[in-house]
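Note that the protein sequences, when read in sequence, are chains A and B. Letter by letter, the first sequence follows residues 1 to 316 of this note's numbering. Letter by letter, the second sequence follows residues 1 to 311 of this note's numbering.
None of these hints come from the bench; they were simulated from the model. Everything numeric in this text was worked out from a predicted model, so none of it was measured. We treat Cβ as the ideally placed atom computed from N, Cα and C, and that holds for glycine. Take these hints with a grain of salt, some might be off.
Pair by pair, the computed Cβ-Cβ distance ranges are [as the list claims (entries may be wrong)]:
# : chain 1 : residue 1 : chain 2 : residue 2 : range
1 : B       : Tyr13     : A       : Glu229    : 25 to 33 Å
2 : B       : Val263    : A       : Val12     : 56 to 64 Å
3 : B       : Glu234    : A       : Glu167    : 42 to 50 Å
4 : B       : Pro294    : A       : Lys32     : 22 to 30 Å
Cross-link-like lysine-lysine pairs, in silico, DSS-like; alpha carbons within 30 Å at most [unchecked claim]:
#  : chain 1 : residue 1 : chain 2 : residue 2
5  : A       : Lys103    : B       : Lys251
6  : B       : Lys60     : B       : Lys85
7  : A       : Lys103    : B       : Lys166
8  : B       : Lys29     : B       : Lys53
9  : B       : Lys29     : B       : Lys68
10 : B       : Lys10     : A       : Lys281
11 : A       : Lys15     : B       : Lys60
12 : A       : Lys15     : B       : Lys293
13 : B       : Lys104    : B       : Lys53
14 : B       : Lys26     : B       : Lys85
15 : B       : Lys3      : B       : Lys166
16 : A       : Lys103    : B       : Lys293
17 : B       : Lys293    : B       : Lys3
18 : B       : Lys104    : A       : Lys281
19 : A       : Lys15     : B       : Lys251
20 : B       : Lys293    : B       : Lys166
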Amino acid sequence: MIETVVEVALPVDEKLMIQKNRITPAGGQERKRRISIVTGTHGDELEGQYVCYEVQRIIREHPECLTGVVDIYPALNPLGIDSITRGIPQFDLDMNRIFPGSKEGVFTEYVAAEIVDDILGSDVCIDIHASNIYLREIPQVRISEETAERLVPLAMHLNVDFIWVHESATVLESTLAHSLNMMSVPTLVVEMGVGMRITKEYCRQLVTGIFHLMKELGIWNGEAEEVREPFISLNGEVDFVNADASGIFVPEVEIGTYLERGGHIGDILNPLTGEVENSLKASIAGTVFTVREYPIVYHGSLIARILGGTKQWKKK
Amino acid sequence: MEKEVMYTLKAPYRDALRIHGYHFGKGEKAACIIGALRGNEVQQLYVCSQLIKVLTELEKHGSISFGKEILVIPSVNHYSMNIGKRFWAVDNTDINRMFPGYDKGETTQRIAAGIFNQVSSYSFGIQFASFYMPGDFVPHVRMMETGYQNTSLANLFGLPYVVVRKPRPIDTTTLNYNWQLWETSAFSVYTNETDEIDENSARMAVSAVLRFLTRMGIIKYNSHSGYIANVIYEDELTTVHAGSAGIFRRKREPGEEVLRGDVLAEILDPYEGTLREAVTAPTDGIIFFAHRKPLITEKDVVCRIIRRLHQ
């Protein structure tokens, strides 16, 4: 059933509406376990759109297998998605920096607070992101150190290639995931693909994982395919490769490629002079899990991230 | 005065970004003043330019105190200003959310680090700042409640109000917050404009900084003593929200005293021109902030009132 989580009147003849689709199993009034799938906080991240569709398609094909509640929130920032804007358009504001919001705050904070309120009570929440338009990411779950003990076991079900346990950062305390985790809703942040595009392969990979997790939590009793075993990385194992020149980046690797130390990642070119400004090499051996997608780079632009110690990268 | 390029960044095709600093006097790093960190902060750029003009004259007349150095950086993000963008034009990141910066990080982290390394050792840091909501403030000095803030010092600007804000997680990467952590006494000065130039409040801001520098013994200058500021904690302001959306007609101005029940603004039906809502004051007080755009969304902030304060 489509429900409106929150609505706010815009100046001229339009309402901002955050909607969700609540899918419930037949029969029984007893409390059912509940999963919330949220996406679209950043208006330029669209990978989650196909995941939302696919999850519903599979449930629709086998409604008898659903044993819990599935809440799907495809667009937390509908104005951003519909206008191809990453943030909230009126304020150029990153929506994922205003949680948990405030019912007494400005309208963006009010909307954020209502969203959090609506998700509370879920047994798990999957917050799907898609990198941005500049970087392509292999499917991964990102977890802060402080929540790792609780969340890593859940993330293992999601069929991602790796789980990145990173240091806590104060600025990330304004995210939806942090807010929900602090309010006892285990929330897993998925990053995969690239902004403004849909990578079907990654979406299907995650959908497999979501059903695996639903089965584990007693929300689904249908078939659940086997999931891959992800690498779990700690901060020290991730190498960041940044541009040391401005120009046009042309990659030599694809995402998921294993590189030896010194392996060629790509070049930053100067089309005006015809010279290579910067040839980028891997400073550790490992798998490239992030690679620059958008060619224009400045000094400092992130080019790649490499997960060290991954020679035995497993794919099932 | 010594003009110095403090940071340079090459672009693929644009002219290089050059961030300039203007040094006045020599000696102890006494005060650093920073203008436009965002591309729409034209007023902040203008205020800095006027300050540089005055300081240049003062230096010529020997009015910079012996052994004191002042640094003014009028603009950091003119790359965005020149093409009508607010944030870093390539990836839309906000340089004022990148401090203290990271010299091996992403572009805006590197810019922030490049600047912060050179400004973090000054005793006093003053930033001309802007707010993300569209509206006008009463000119004031704002500081973060980090435990290092000193409202008595903020009073020396002689502006009518000093506002103390409890930092949220997102504030921990601003220049002001990091200055304080690095033991610089940091102040953000807000005038009532950003995208446009307002001569009156710009003059007020220049005078406030000169007054502060005089009182701290950094320059020799004679100025009006200004106000004894009211210190306000931001979370004690009364926020008045719009109960409906439409065309916004402001009826009362920042700085005005209002009584409970006074009409602050009207919200009109955008098609039919009829009154949808007369927004009234829930308390007596002085208007500190008021929405300005001609349109308003439901739940937007119409104004913020300093409760039970009279002129």
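>> Just to be careful, I want the Cα atoms of Lys293 of chain B and Lys3 of chain B compared with a cutoff of 30 Å; is the pair within it?
In response: 38 Å, violated
> Quick one, are Lys10 of chain B and Lys281 of chain A close enough, alpha carbons at most 30 Å?
Replying inline: Given that 30 Å is the threshold and the Cα spacing comes to 21 Å, the pair holds.
>> Check whether the Cα positions of Lys15 of chain A and Lys293 of chain B lie no farther apart than 30 Å.
In response: 19 Å, holds
>> Just to be careful, I want the Cα atoms of Lys3 of chain B and Lys166 of chain B compared with a cutoff of 30 Å; is the pair within it?
In response: Since the Cα atoms of Lys3 of chain B and Lys166 of chain B sit roughly 36 Å apart, the hinted pair is violated (cutoff 30 Å).
> CB of Val263 of chain B to CB of Val12 of chain A, is that within 56 to 64 Å?
Replying inline: For Val12 of chain A against Val263 of chain B, whose Cβ atoms are near 23 Å apart, the range 56 to 64 Å is violated.
> Is Lys15 of chain A within 30 Å of Lys60 of chain B, Cα to Cα?
Replying inline: Given pair Lys15 of chain A, Lys60 of chain B is violated - Cα atoms ~60 Å apart, limit 30 Å.
> Holds or violated: 42 to 50 Å for the Cβ distance of Glu234 of chain B and Glu167 of chain A?
Replying inline: 30 Å, violated
> CA of Lys15 of chain A to CA of Lys251 of chain B, is that 30 Å or under?
Replying inline: 26 Å, holds
>> Can you confirm whether the C-alpha distance between Lys26 of chain B and Lys85 of chain B stays at or below 30 Å?
In response: 36 Å, violated
>> Just to be careful, I want the Cα atoms of Lys29 of chain B and Lys68 of chain B compared with a cutoff of 30 Å; is the pair within it?
In response: 6 Å, holds
>> Just to be careful, I want the Cα atoms of Lys103 of chain A and Lys166 of chain B compared with a cutoff of 30 Å; is the pair within it?
In response: 18 Å, holds
> Given a hinted range of 25 to 33 Å, is it respected by the beta-carbon distance of Tyr13 of chain B and Glu229 of chain A?
Replying inline: This hint is violated: roughly 46 Å between Cβ atoms.
Of the hints listed earlier, those the structure fails to meet are numbers 1, 2, 3, 4, 6, 11, 13, 14, 15, 17, in rising order.
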